[in-house]
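Number of protein chains: 2
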Amino acid sequence: MGSRHISLKDLARELNISISTVSRALKDHPDISREMKEKVKKLAIERNYTPNPLAMGLLKQETRMIGIVVPDLVTHFYASIISGIESVAKENGYFAVIASSNESIIKEKESIDNLLKARVEGLIVCMSRETNTTDHFEKLVSRDIPLVMFDRVCLGDKIPAVIADNADASQKIVEHFYSKGYRRIAYVSGPENLSISKERMSGYRAGLKACGLTPDENLVENCYLTFESAKMAMNRLLELPNPPDAVYGINDTVAFGLMKAIKEAGLKIPDDIGVVGFTDEFHSVVVTPALTSVTHPTFEMGQQIAQLFFKRLTTGFQAETLIVKTQLVERESSNKSEGRH
Amino acid sequence: MGSRHISLKDLARELNISISTVSRALKDHPDISREMKEKVKKLAIERNYTPNPLAMGLLKQETRMIGIVVPDLVTHFYASIISGIESVAKENGYFAVIASSNESIIKEKESIDNLLKARVEGLIVCMSRETNTTDHFEKLVSRDIPLVMFDRVCLGDKIPAVIADNADASQKIVEHFYSKGYRRIAYVSGPENLSISKERMSGYRAGLKACGLTPDENLVENCYLTFESAKMAMNRLLELPNPPDAVYGINDTVAFGLMKAIKEAGLKIPDDIGVVGFTDEFHSVVVTPALTSVTHPTFEMGQQIAQLFFKRLTTGFQAETLIVKTQLVERESSNKSEGRH
DNA sequence: AAGCTTTCCGCAAAGCTTTGCATTAATGAT
DNA sequence: ATCATTAATGCAAAGCTTTGCGGAAAGCTT
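For the protein sequence lines, the chains are A and S, in the order given.
Numbering (our numbering) for the first sequence: 35 to 375.
Numbering (our numbering) for the second sequence: 35 to 375.
Misleading hints may appear alongside valid ones.
Stated by the list, open to error - Residues from chain S that face chain A, not an exhaustive set, calculated with beta carbons under 7 Å:
hint, residue
1, Val108
2, Ile132
3, Asn136
By construction, these hints were calculated from the structure, which means they are not laboratory data.
Computed from a predicted model, the values in this text were never measured in an experiment.
Yeah, the Cβ is synthetic: ideal placement off N, Cα and C, and Gly gets one too.
Take the sequences, apply the hints, and build the full model.
Next comes the structure, spelled out in structure tokens:
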């Protein structure tokens, strides 16, 4: 039991020399003779010595931990972004400590507090769907704690962020539908407090305008970003006297919910209704029919987020919002057969 | 810049008292007078004091960190298990530090080393698909480092573990297929070094026997547990002179690959070929047709894994393998319409 | 041979917390 | 008034590492 790890002191005692000599020998300090260095290094390897990060952290006032708060861990989108963040973090000798807000603003605040208590050097956050106030983020800013946000962001002038080209992508979806012959294009959005909701909504409007379509407020539904609530939103759309012939959802979970509801209603995708999603690559391929979607390069996004974080950490703050180009990948779900109509 | 966190020393200086008094006051030590306690606590809250976990860790020789190594982060199965682990960890005041082996034995070893360097108090591991040696785990055991494995396990007599009732579940799948009228039942397994491969294979054999079916080695394929390699395995099965009328895969990724290959071959699920998977709940519902599958209660599994870990951590070792009951949930993908045959 | 420069190593402080022991002041006892 | 308790607080060490500075020994110069 007890201390499973050996320390400089242990090595020093065994060699009958001082701790400082051991420390210097291990890092090739010029003050130490060659033979001494060799002797020390040999024993260190033999005893499997690794420096104690707690002691180092205490001394250097750095923990090399970076805190991540995401709405959930199990959505592929976040998991993949985390993966990207982690890859860059590891390169820089940092650990990613991950916490989930479970889409709750209370847990979001708790998680942030806990991570700060654990002395992470900074935070990377994607807001929960409930988060409609920003004071907890402002506090971080005023305490000068490095913070980077992504996807669902806020306070763009005070907090560096990485987001997708949401409005553009959204507009392209509408235009894509139009080019495929769809005319009554519906959109299922998320809570209005979220930046992605606003941005994608404005792209939706711009798309309609660009195509010369008349906006119909009945074709816009909000949902709670869950599979079930997306299904319900879709059902409401299907019950309209004049239902849509195309629909797209604000993220992958929503897109799956839409598809499910359409199938359960006995309608065919893409002929009765075209569907497009905002998703990551993987899931678009797994579902049937393969989903036309705006795919985020999630892993790369994660890497960029981490890079922005380290930039903030080392060279100090500067307002900066990185916009990641998404791509509209055409698959089956929006490929209406002309003949049928 | 500098120290964003304040320490006992800061509080002591401000109140003109000693550090020990501050420390004792904050934890209601009887030696400290009531007024002093109040004064100290008030300032501590005002200044937002939180104890420095590095200093505590150094003193108490505990980091309250638990290391997790999984084959990847983006698969829902692992993400969900991690979620479960984390929930219990948090309850016990522990942090989960997560590392991915990316299905590589080298990265698995690296991750373990890194986590140990970071002074996690113990490890929870699911082996990579490449892992065919166990010496790195034996070393952990001999160094008396708490270790719990799950899903893909080894050294059952030395390492506590949580696994599914793999053989049973596998047998039930075969019997389910049989009861639905399928007769040429294929199985796509994973690398033979993995425990899940072995166990599920033995269940497959037992199932065939129980149903009075003659085993046909051609109906057993191995794959590399990726979407693509599963597709390839399925294609090999479809090219057989006497192809299967039912197939199941060792995990969810594989099941999706099987489905994809079948669809691409222009065959219908479940009428031409029945499909069953080992998956978690979520994905079985998202795909089309909804996938009959042995669903793992992943979140609960994670919780049990964490509980076993803490048991090991506090009350010492005892050989123990928890077997989690899975459930075969019938959905569309194995529901052959009798009429067609 | 005495003084000076190198070469090599050890001391001690700092970073933060806990805790056994010592210290001080005050209270009570006689 | 003096001694013995009790109450309240401070000192210092330990846990581990880094690093400026001081010190000892050896080699060199003159």
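Outcome of the hint check:
| no. | hint | in the structure |
| --- | --- | --- |
| 1 | Val108 | holds (4 Å) |
| 2 | Ile132 | holds (6 Å) |
| 3 | Asn136 | violated (9 Å) |
When each numbered hint is compared with the structure, a violation occurs for hint 3 only.
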